[in-house]
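A.B. asks: On the provided structure of chain A, position chain B as indicated by the hints.
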Amino acid sequence: MAMVVVVTESVPPRLRGRLAIWLLQVRAGVYVGEVSRRVREMIWQQCTELCDEGNIVMAWATNTESGFDFQTVGKNRRIPVDMDGLRLVSFFPEAGENAL
Amino acid sequence: MADTPYLPLKPLMMKDRVSMIFLQYGQIDVKDNAFVLIQENEVRTHIPVGSIACIMLEPGTRVSHAAVKLAAEVGTLLVWVGEAGVRVYSSGQPGGARSDRLLYQAKLALDDELRLKVVRKMYEIRFGEAAPARRSVEQLRGIEGARVRKTYELLAKKYEVEWKRRNYDTDNWDLSDVPNRCMSAATACLYGITEAAVLAAGYAPAIGFIHWGKPLSFVYDIADVFKFDTVVPIAFKIAAKNPHNPDREVRLACRDAFRAQNTLAKIIPMIEEILAAGEIQPPEMPPESVPPAIPPAESLGEAGHRSK
Numbered sequence: 001m002a003m004v005v006v007v008t009e010s011v012p013p014r015l016r017g018r019l020a021i022w023l024l025q026v027r028a029g030v031y032v033g034e035v036s037r038r039v040r041e042m043i044w045q046q047c048t049e050l051c052d053e054g055n056i057v058m059a060w061a062t063n064t065e066s067g068f069d070f071q072t073v074g075k076n077r078r079i080p081v082d083m084d085g086l087r088l089v090s091f092f093p094e095a096g097e098n099a100l
Numbered sequence: 001m002a003d004t005p006y007l008p009l010k011p012l013m014m015k016d017r018v019s020m021i022f023l024q025y026g027q028i029d030v031k032d033n034a035f036v037l038i039q040e041n042e043v044r045t046h047i048p049v050g051s052i053a054c055i056m057l058e059p060g061t062r063v064s065h066a067a068v069k070l071a072a073e074v075g076t077l078l079v080w081v082g083e084a085g086v087r088v089y090s091s092g093q094p095g096g097a098r099s100d101r102l103l104y105q106a107k108l109a110l111d112d113e114l115r116l117k118v119v120r121k122m123y124e125i126r127f128g129e130a131a132p133a134r135r136s137v138e139q140l141r142g143i144e145g146a147r148v149r150k151t152y153e154l155l156a157k158k159y160e161v162e163w164k165r166r167n168y169d170t171d172n173w174d175l176s177d178v179p180n181r182c183m184s185a186a187t188a189c190l191y192g193i194t195e196a197a198v199l200a201a202g203y204a205p206a207i208g209f210i211h212w213g214k215p216l217s218f219v220y221d222i223a224d225v226f227k228f229d230t231v232v233p234i235a236f237k238i239a240a241k242n243p244h245n246p247d248r249e250v251r252l253a254c255r256d257a258f259r260a261q262n263t264l265a266k267i268i269p270m271i272e273e274i275l276a277a278g279e280i281q282p283p284e285m286p287p288e289s290v291p292p293a294i295p296p297a298e299s300l301g302e303a304g305h306r307s308k
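These protein sequence lines are chains A and B, in that order.
Residue 11 in UniProt numbering sits at position 11 of the first sequence, with consecutive numbering throughout.
Residue 84 in UniProt numbering sits at position 84 of the second sequence, with consecutive numbering throughout.
Excised from the complex, chain A in its bound form:
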C-alpha cells in the first residue's frame, strides 16, 4: 500500500466520477488515496482509457531514490525527463512562442 495522487486536467466528467469511487477528491481534479500496486494499475488503466483529450498525471510513493515515481497520459507542456536516473519535469514553452 502506498500513497497515490492523481491530478487531472480537462478530462471528461465520467472519469472524474470514476476516480472518486476509489480516491478522495481534495480539490477540483486532484485525487488522493492509499492503494496497493494492483489497484493503482487498475486506476491507471481507467485513466488512460477514459482520458479523451485531457491529460493526467499520477504520482505514488515507492522505493526510488526520490521516494516516489509518476506517470503521465495526454498532452501537457510539462514533460517528464530522465536525468541519469532521477526523474524531473521540463516545462516547454507554448507552441509557436519561440518558433523562428
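Mixed in with the good hints, there may be bad ones.
Here chain A is said to cover these stretches of chain B; the calculated rule only asks that three of the stretch's residues, wherever they fall, bring their Cβ under 8 Å from a Cβ of chain A [to be verified]:
{"#": "1", "segment": "42–51"}
{"#": "2", "segment": "252–258"}
Short derived list, chain B residues pointing at chain A, Cβ under 7 Å [to be verified]:
{"#": "3", "residue": "V18"}
{"#": "4", "residue": "I21"}
{"#": "5", "residue": "F22"}
Computed beta-carbon distance windows for the label pairs [to be verified]:
{"#": "6", "chain 1": "B", "residue 1": "M13", "chain 2": "A", "residue 2": "Q71", "range": "28 to 36 Å"}
{"#": "7", "chain 1": "B", "residue 1": "N33", "chain 2": "A", "residue 2": "P93", "range": "16 to 24 Å"}
{"#": "8", "chain 1": "B", "residue 1": "H244", "chain 2": "A", "residue 2": "T64", "range": "23 to 31 Å"}
{"#": "9", "chain 1": "B", "residue 1": "K107", "chain 2": "A", "residue 2": "F68", "range": "38 to 46 Å"}
{"#": "10", "chain 1": "A", "residue 1": "F68", "chain 2": "B", "residue 2": "M13", "range": "12 to 20 Å"}
{"#": "11", "chain 1": "A", "residue 1": "P93", "chain 2": "B", "residue 2": "P48", "range": "18 to 26 Å"}
{"#": "12", "chain 1": "B", "residue 1": "A260", "chain 2": "A", "residue 2": "P80", "range": "17 to 25 Å"}
{"#": "13", "chain 1": "A", "residue 1": "D69", "chain 2": "B", "residue 2": "N167", "range": "35 to 43 Å"}
None of these hints come from the bench; they were simulated from the model.
A quick note: this is a predicted structure, and the numbers were derived from the prediction, not measured.
Think of the CB as a built atom: it goes at the ideal place given N, C-alpha and C, for glycine as much as any other residue.
C.D. replies: Just chain B, lined up with the frame of chain A:
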C-alpha cells in the same frame, strides 16, 4: 501582499537527500524562487536543489549568481566537473566549517600518534580486520596499495574485464580504456557526495590522514572506505558490458547503489567513528572566548550547515 513574512531557507540533513544530479548544456538560474535549468528553446526544468546532496555541473552549463546563492543557502554542493565526471574544479561552500570540528580534525592529523590511530581505524573498517601492529602510516600505505591492486585484479577477473592498472590521462580523456573511464566516472560520483557530507558535517576536505596535500585529501580518505563496496564493482560491471554510453550507465548504477546501501546516511556517522579512534575529545570553548552576539538559528541540517 506587501507584508509577506520573510521565511528563511533551511538546509536538510544529508541522509534525507537524493545523492546527485548531473546537469549539462543550459543556463542555471533562479526563477520565481525556484532553481531552474533553462535549455534551448526556453525549456525549463525545475531542480529540487534543497533535496539533493550535490549538483554536478558538466561542460556547457552557466550558473547565475542567484542560483549559487540559493544552492549555498540550502546547503547543496555545486561541483564543476569535466567530461564524464572527471573533476575540473569544485566550489560552493555549503558547510559552514565549525571551528571545534576543524581544530579536532587538525589536532588528530598533526599528532603522529593520533594520526596513526585514525589511519589504523580506516584500514580496520575497510578490510574488516585490525591493521597489523607496529606499522607506520607509510608501511600501512604499502600494505593497502598491494591489497587494492589485488582487489582490482580479482574484480576484473570476476566481471571478465581486461584490466591493466588504474590509469587515466585527464588531458586526453578519450584515450583511457573503458574500464578506467568507468572507474573515473564512478569515483567522481562518490567523491561528490563524500565532499558534500564532509562539508555538511563541518570538517575540512583538505586535512587528510592517508592522503596529504590535496584540496580533497580527506574526501579521498573517506571515499576509500566506501569505494570497494560501492562504486568499484559498479565500474567493472558496466565496463564488462562495454556500453555505448558508459558514463550514463555508471551514474545510474551508482545512484542505485547509493540508495540500496544507504550511503548518504552512512558517511557522516562513519567520519565520526573514524575520528573517534584518536580517542580525544573535540576541544571545548575556552573560558575567555565569547559566543556569537546573536545566537545562530536552529537548523534542520547538519552541524556544519550555515543556516539563517
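A.B. asks: State for each hint whether it applies.
C.D. replies: Now the hints, each set against the structure:
Only residues whose C-beta sits within less than 8 Å of a C-beta in chain A count toward coverage, and the segment 42–51 of chain B has 8 of them, enough to reach three; the restraint holds. With 4 residues bearing a CB less than 8 Å from a CB of chain A, the segment 252–258 of chain B meets the requirement of three and the coverage assertion stands. About 5 Å separates the beta-carbon of V18 of chain B from the nearest beta-carbon of chain A, less than 7 Å, and the hint is met. A distance limit of 7 Å between C-beta atoms decides the matter here; for I21 of chain B the minimum to chain A is near 6 Å, and the interface restraint holds.
Given hint, F22 of chain B at the interface with chain A, holds; its Cβ is 5 Å from that chain's nearest Cβ, closer than 7 Å. Hint check: M13 of chain B to Q71 of chain A, Cβ distance near 29 Å, so the stated range 28 to 36 Å holds. Hint check: N33 of chain B to P93 of chain A, Cβ distance near 20 Å, so the stated range 16 to 24 Å holds. Distance hint for H244 of chain B and T64 of chain A: a CB-CB separation of about 24 Å, consistent with the stated range 23 to 31 Å.
The beta-carbon spacing between K107 of chain B and F68 of chain A, approximately 44 Å, falls within the hinted interval of 38 to 46 Å. Distance hint check: the CB atoms of F68 of chain A and M13 of chain B are about 19 Å apart, consistent with the given range 12 to 20 Å. A hinted range of 18 to 26 Å holds for the C-beta pair P93 of chain A and P48 of chain B, which are about 22 Å apart. Taking 17 to 25 Å as the suggested C-beta distance range, the pair A260 of chain B and P80 of chain A conforms, at roughly 23 Å.
Under the hint 35 to 43 Å, the C-beta atoms of D69 of chain A and N167 of chain B, about 39 Å apart, fit the expected range.
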